[in-house]
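Visitor: The primary structure of each chain is shown beneath.
Protein chains: 2
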Amino acid sequence: MAQIRFDVLTLFPEMFHGFLSTSIIRKAHEKGLIETNVTNFRQFATDKHQTVDDTPYGGGGGMVLKPQPLFDAVDHLLQDASERPPILLMSPQGAPFTQKKAEELAGHSHLMFLCGHYEGFDERIRQNLVTDEISVGDFVLTGGELPAMVIIDSVSRLIPGVLGNHDSAAMDSFSNGLLEYPHYTRPSEFRGMEVPEILLSGHHANMEKWRREQSLERTWTRRPDLLKSAPLTEEDRKFLRMLEQKKRSE
Amino acid sequence: MAQIRFDVLTLFPEMFHGFLSTSIIRKAHEKGLIETNVTNFRQFATDKHQTVDDTPYGGGGGMVLKPQPLFDAVDHLLQDASERPPILLMSPQGAPFTQKKAEELAGHSHLMFLCGHYEGFDERIRQNLVTDEISVGDFVLTGGELPAMVIIDSVSRLIPGVLGNHDSAAMDSFSNGLLEYPHYTRPSEFRGMEVPEILLSGHHANMEKWRREQSLERTWTRRPDLLKSAPLTEEDRKFLRMLEQKKRSE
Numbered sequence: 001m002a003q004i005r006f007d008v009l010t011l012f013p014e015m016f017h018g019f020l021s022t023s024i025i026r027k028a029h030e031k032g033l034i035e036t037n038v039t040n041f042r043q044f045a046t047d048k049h050q051t052v053d054d055t056p057y058g059g060g061g062g063m064v065l066k067p068q069p070l071f072d073a074v075d076h077l078l079q080d081a082s083e084r085p086p087i088l089l090m091s092p093q094g095a096p097f098t099q100k101k102a103e104e105l106a107g108h109s110h111l112m113f114l115c116g117h118y119e120g121f122d123e124r125i126r127q128n129l130v131t132d133e134i135s136v137g138d139f140v141l142t143g144g145e146l147p148a149m150v151i152i153d154s155v156s157r158l159i160p161g162v163l164g165n166h167d168s169a170a171m172d173s174f175s176n177g178l179l180e181y182p183h184y185t186r187p188s189e190f191r192g193m194e195v196p197e198i199l200l201s202g203h204h205a206n207m208e209k210w211r212r213e214q215s216l217e218r219t220w221t222r223r224p225d226l227l228k229s230a231p232l233t234e235e236d237r238k239f240l241r242m243l244e245q246k247k248r249s250e
Numbered sequence: 001m002a003q004i005r006f007d008v009l010t011l012f013p014e015m016f017h018g019f020l021s022t023s024i025i026r027k028a029h030e031k032g033l034i035e036t037n038v039t040n041f042r043q044f045a046t047d048k049h050q051t052v053d054d055t056p057y058g059g060g061g062g063m064v065l066k067p068q069p070l071f072d073a074v075d076h077l078l079q080d081a082s083e084r085p086p087i088l089l090m091s092p093q094g095a096p097f098t099q100k101k102a103e104e105l106a107g108h109s110h111l112m113f114l115c116g117h118y119e120g121f122d123e124r125i126r127q128n129l130v131t132d133e134i135s136v137g138d139f140v141l142t143g144g145e146l147p148a149m150v151i152i153d154s155v156s157r158l159i160p161g162v163l164g165n166h167d168s169a170a171m172d173s174f175s176n177g178l179l180e181y182p183h184y185t186r187p188s189e190f191r192g193m194e195v196p197e198i199l200l201s202g203h204h205a206n207m208e209k210w211r212r213e214q215s216l217e218r219t220w221t222r223r224p225d226l227l228k229s230a231p232l233t234e235e236d237r238k239f240l241r242m243l244e245q246k247k248r249s250e
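Chains as they are written, first to last, in full-length UniProt numbering: chain B, 1 to 250; chain A, 1 to 250.
Each hint should be verified, as a subset may be incorrect.
Put simply, identical chains are the same to the list, so a pair is met inside one copy or across any two.
[What the hints assert, rightly or not] Keeping only pairs whose Cα atoms sit at most 30 Å apart, straight-line, the calculated DSSO-like set for lysine-lysine is: (1) Lys228 with Lys100; (2) Lys101 with Lys31; (3) Lys101 with Lys228; (4) Lys247 with Lys101; (5) Lys27 with Lys48; (6) Lys48 with Lys238; (7) Lys48 with Lys246; (8) Lys247 with Lys209; (9) Lys209 with Lys238; (10) Lys48 with Lys100; (11) Lys209 with Lys228; (12) Lys100 with Lys246; (13) Lys228 with Lys27; (14) Lys27 with Lys246; (15) Lys31 with Lys247; (16) Lys27 with Lys100; (17) Lys246 with Lys228.
For the record, the hints were derived by calculation from the structure and aren't laboratory data.
Let the hints inform the model, and build the full structure from the sequences given.
Guide: Structure (structure tokens):
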């Protein structure tokens with residue numbers, strides 16, 4: 001049995017085809033670790049034109065997704081469920097999605113995603129159907145489909161067995177709370193650009209020290225906010241104080 | 001001629017199929033407003049196994065994308081270009097993607113996206129090929145493909161003619177710097193849940209006041225950081241002070 005099931009409600013199920021049939025997500029399906037079910041909620045509309053939206057009360061532009069098709073779609077999908085899963089609404093108004101939220105969601109065995117497309121959602125959907133409103137960032141997208149894929153991807157890779165040992169290394173390097181140090185591979189010279197000598201030295205302790213300092217310096221330069229919560233050693237702090245002093249004396 | 005061309009370099013071009021053939025993006029293609037070209041950079045590998053990655057200098061887990069296939073792919077794609085476009089690397093280490101960045105990118109006629117998949121990029125790619133490193137958020141994804149789609153979607157909808165007047169309303173409501181007010185549509189009662197009476201009153205000025213206050217209160221509750229930069233009237237500030245007082249007296 002799959003360790004997690006993702007139910008997606010969308011008006012554009014075909015948008016998920018490439019994503020679901022590629023790479024890690026495809027392999028996780030094939031291994032039976034995840035199950036994904038994409039449903040077009042238009043099929044739950046009850047009128048002959050299969051209308052899912054209507055004009056807003058109070059006027060103004062845009063259309064609003066009606067409550068009935070989404071409530072009925074959720075009822076239908078959960079008719080055999082023993083408990084109600086988190087029902088996530090993809091919305092720029094939601095709480096920002098973070099790696100911590102991904103870890104929390106990965107602890108569930110079932111997640112539902114409601115994706116709107118241009119339209120707003122009738123407020124009764126937000127208040128009485130949805131359990132979490134999630135935003136993947138402060139930018140405007142055409143719909144909730146890409147954000148749902150982002151969340152499914154980041155949650156899936158936390159499910160045991162989805163990533164091989166090989167792939168999970170990348171995750172560990174993020175989870176130390178700092179930006180990654182620079183990576184280099186062969187050749188040692190390409191179009192006149194050289195690999196730092198220290199990485200060719202074979203001196204393990206020096207290379208580790210260099211990597212840690214590169215990681216600290218890059219975080220200090222680009223994302224100083226991360227340093228507040230990253231676990232730092234006394235030596236790390238000394239190096240960061242040195243960077244501060246160097247900057248002040250410039 | 002298209003107003004903007006997106007070149008995507010990826011090892012998983014099929015991941016883009018659903019996205020490119022759906023909704024707004026498909027229509028923008030059909031109208032000739034945008035052009036998208038997805039290239040598998042594996043075809044630029046020069047050895048018979050078409051290797052694009054190698055182990056890192058200095059050891060450690062994970063694989064690193066070699067410089068040669070990506071440098072050669074970019075050279076090939078730009079051989080007839082009159083100027084070098086922004087070359088964007090999708091990376092959790094990049095500057096956070098925002099609506100402002102989307103607007104800036106929409107001013108270009110050509111954008112290139114480099115998408116890695118699990119692997120790191122050889123630092124020489126970051127330093128000498130890439131012009132912008134962009135992150136869509138503090139979470140770990142399997143690759144840069146979904147972030148590239150997020151950026152292509154948000155930039156495309158800013159290209160004149162891509163959105164109809166109907167759709168662009170939603171964007172305007174975000175661009176006032178506040179979270180949106182609640183939307184409601186028919187029926188006025190659904191499963192016992194009612195639409196606020198004020199929206200059924202037909203009193204235009206009262207409805208507008210209610211909406212503004214809902215928008216302010218929601219922003220104040222969920223995303224107070226946005227209030228610092230949102231354009232506010234004296235009446236807005238008065239309402240926010242009232243909310244503060246109410247909270248303090250609770």
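Visitor: Now, for every hint given, state plainly whether the structure supports it.
Guide: Hint check:
1. Proximity of Lys228 and Lys100 under a CA criterion of 30 Å is satisfied in both settings, with 16 Å inside one chain copy and 26 Å between copies.
2. Only within a single protomer do Lys101 and Lys31 lie at most 30 Å apart by alpha-carbon distance; the minimum there is 25 Å, versus 39 Å between protomers.
3. In this assembly of identical chains, the alpha carbons of Lys101 and Lys228 lie at most 30 Å apart whether taken from the same copy (19 Å) or from different copies (26 Å).
4. For the identical chains of this complex, Lys247 and Lys101 are inter-copy neighbours only, at 28 Å across copies versus 36 Å inside a copy, given an alpha-carbon limit of 30 Å.
5. For the homomeric pair Lys27 and Lys48, the shortest alpha-carbon distance between copies (26 Å) is at most 30 Å, but the shortest distance inside one copy (40 Å) is not.
6. In this homomeric assembly, Lys48 and Lys238 never come within 30 Å of each other (Cα to Cα): the closest approach is 70 Å inside a single copy and 48 Å across copies.
7. For the identical chains of this complex, Lys48 and Lys246 are neighbours neither inside a copy (71 Å) nor across copies (48 Å), given an alpha-carbon limit of 30 Å.
8. Within a single copy, Lys247 and Lys209 get their C-alpha atoms as close as 21 Å, which meets the 30 Å cut-off; across copies the closest is 50 Å, which misses it.
9. For the homomeric pair Lys209 and Lys238, the shortest alpha-carbon distance inside one copy (13 Å) is at most 30 Å, but the shortest distance between copies (55 Å) is not.
10. Proximity of Lys48 and Lys100 under a CA criterion of 30 Å is satisfied in neither setting, with 44 Å inside one chain copy and 42 Å between copies.
11. Taking the shortest Cα distances, Lys209 and Lys228 sit within 30 Å of each other inside one copy (21 Å), while across copies they are farther apart (41 Å).
12. Taking the closest pair of Cα atoms, Lys100 and Lys246 never come within 30 Å of each other, the shortest separation being 34 Å inside a single copy and 32 Å across copies.
13. Within a single copy, Lys228 and Lys27 get their C-alpha atoms no closer than 37 Å, and across copies no closer than 45 Å, so neither meets the 30 Å cut-off.
14. For the homomeric pair Lys27 and Lys246, neither the shortest alpha-carbon distance inside one copy (49 Å) nor that between copies (53 Å) is at most 30 Å.
15. In this assembly of identical chains, the alpha carbons of Lys31 and Lys247 never lie at most 30 Å apart, being 52 Å within a copy and 52 Å across copies at closest.
16. Only within a single protomer do Lys27 and Lys100 lie at most 30 Å apart by alpha-carbon distance; the minimum there is 24 Å, versus 37 Å between protomers.
17. Taking the closest pair of Cα atoms, Lys246 and Lys228 come within 30 Å of each other only inside a single copy of the chain (20 Å); across copies the shortest separation is 33 Å, beyond that limit.
In summary, the structure is inconsistent with hints 6, 7, 10, 12, 13, 14 and 15 from the numbered list given earlier, while agreeing with the others.
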